[in-house]
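J.: Protein chains in written order, with my numbering: chain B, 1 to 183; chain S, 1001 to 1183; chain D, 2001 to 2183; chain R, 3001 to 3183.
Derived by calculation from the structure, the hints in this document are not laboratory data.
Just so you know, not all the hints are guaranteed correct.
What the hints assert, rightly or not - Computed footprint of chain B on chain S, listed as stretches where at least three residues anywhere in the stretch have a Cβ under 8 Å from a Cβ of chain B:
hint, stretch
1, 1020 to 1027
2, 1112 to 1118
3, 1123 to 1132
These numbers were taken from a predicted model, which means no experiment stands behind them.
Using N, Cα and C, we set each Cβ at its ideal position, and we do this for glycine too.
4 protein chains.
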Amino acid sequence: MDSQQVPLVARYADILQVGARNMQNYALLREVGHADKPVLLKRGLASTIEEWLMSAEHIVSQGNTQVILCERGIRTFETYTRNTLDLNAIPVVKELSHLPVIVDPRHGTGIRNKVAPMARAAIAAGADGLIIEVHHDPDHALSDGAQSLCPSSTLELVDQIRTIAGVLGRSVWEPRGWRILPA
Amino acid sequence: MDSQQVPLVARYADILQVGARNMQNYALLREVGHADKPVLLKRGLASTIEEWLMSAEHIVSQGNTQVILCERGIRTFETYTRNTLDLNAIPVVKELSHLPVIVDPRHGTGIRNKVAPMARAAIAAGADGLIIEVHHDPDHALSDGAQSLCPSSTLELVDQIRTIAGVLGRSVWEPRGWRILPA
Amino acid sequence: MDSQQVPLVARYADILQVGARNMQNYALLREVGHADKPVLLKRGLASTIEEWLMSAEHIVSQGNTQVILCERGIRTFETYTRNTLDLNAIPVVKELSHLPVIVDPRHGTGIRNKVAPMARAAIAAGADGLIIEVHHDPDHALSDGAQSLCPSSTLELVDQIRTIAGVLGRSVWEPRGWRILPA
Amino acid sequence: MDSQQVPLVARYADILQVGARNMQNYALLREVGHADKPVLLKRGLASTIEEWLMSAEHIVSQGNTQVILCERGIRTFETYTRNTLDLNAIPVVKELSHLPVIVDPRHGTGIRNKVAPMARAAIAAGADGLIIEVHHDPDHALSDGAQSLCPSSTLELVDQIRTIAGVLGRSVWEPRGWRILPA
């Protein structure tokens, strides 16, 4: 997304996402800071927690206070997983900032059967939300099938997360009429 | 611990720990591989998951099959936390190996109020155990107070972990007569 | 620099620089790919050599073949230097690509007395150029004084580089009438 | 090498090498600190410069002041080269310590045609020495052929290094009668 496209996207989308590779694209940060839609700010692949919060500050300073932070994995020497999901960042951000922080366990690992364990871990660490991809037939998905869950795994995961959130005195928000139909 | 000291230590200790800085000290690995006590093998600060499993293999190949893997944080560019606890490693190790894997959230962050969130996250990710330090008065502990929990926080954490373990169909093993006396 | 500003900047500047934080800002890469000015493409702080070359490819694919690669330091666990200048990248890029590659030893270390050693090392490794900042009184410079050289150090460095370049059968290009006046 | 073997090795070898994986094996450091032979202390794969110097201090504190530091590459996210040779460390060590520091460009890259560029760069950065492997027929070497130079490349490299060292007011020490016979 280019800074010029922000007004157009903001007219139709419910939320504006600033991708990891644009976390320090200041022209874009300024522009989404003027939009009246929530902004999902992904952490850069090699950004420190401080830089991430500074980028959020950049948006907020333009007037848009609806910023959601999203941890999606950092770059380390490990080659087995695509990235290393940094869950330490969750309690650290919770201490340093009032902004909500969610976790995207898909890119963090890039491996389907690692999505559920890391999603559970994220909630247990105090994350305010998750990004999960669901597909009725992940093995034949046209895109990102390798990191998508099927409906029945998703339902099982949501059940587990409901309990874990309860441990922290929290609940899972479920939109009215929300359903995943088991395949 | 030096390889020469292994027989002496094994006579009195219940478990032999190979520290992160010695994960590839092959003389030591060989020696604990001949001991008849369980070995706790910490992951090196910059070791890949594969290297960690290879070090375990080194021990097992000498005859000692009682090896417990322990994730304790890897080195990244992040400076806010002392290390970055790599919880991705838990489901990966679970897939690649039959060995139990536990998590040490103390060194991973080095910050007391980050220990409980990361301990919960570790269990949610599938870890088989945790290393937690408890002190009746952590602020005045002679050593490692900054990463120790007080008794009441520990009791609360154990309760939370009992529920999270249940989500995964597991339970918390409690030694007979085990108690933490609240301060 | 925003993609919208490229035509304006290209009218007046001799060269367009894509900064490290924008190395994967694809809207910007596309736009400078349409400009008729050379592009200096800095390597991202945590970009692999392959990603860096892919970003160059992005520019070249739009028609602008005048791309200069610039290594400026990557992010590692080391905290003594601001970044770690990756000179391994020079011979690797020379093998994989025909594009010229230069080195910016200022940001790589962020320390003045490390600039000259790393500048010499860069040329010895085969770099095609350097970015050096000179100030007649670095200690009182309004900006970036900490990484600027004074005129006499610069003259000494250029002399050293002339000899090192000669070792590789190369020479230092000196614009007609070029002079650094010793303070 | 185990700490027990130090006296035996010291009786026959001219120099004791502490490998990268043992840089923080304190039992070994203490033992070589009592030997009367020079010690080559390799930098750990993920050791900071400060930790490296602390390990050297460990040896020196036992009485053995003949310590040579050796940079051999650190672990980063880059996968094209086996490790990333950190030449920034050379001027940093030169400032912080009086100990000689040499560079091992073999493991830093693990690729033969990268050895000569990185060897030249190391000397240009101020290194006091190099570790180079020479084989009369590297393609058929039983071990480490991929990172060995043939005699004629070595002679060419030594010539280049002689000139680069001269730029820094230094010379190449050549043992009396030393020769590499071109193949």
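J.: All hints are to be evaluated individually against the structure, with a verdict given for each.
T.: How the hints compare with the structure:
For a cut-off of 8 Å, the count of residues in the stretch 1020 to 1027 of chain S with a CB near a CB of chain B stands at 0, and the three-residue condition is violated. Counting residues of the stretch 1112 to 1118 of chain S whose beta carbon lies closer than 8 Å to any beta carbon of chain B gives 4, which meets the minimum of three for the stated coverage. Counting residues of the stretch 1123 to 1132 of chain S whose C-beta lies closer than 8 Å to any C-beta of chain B gives 4; at least three are required, and the coverage claim holds.
Violated hints amount to a single one, hint 1; each of the other numbered hints is respected by the structure.
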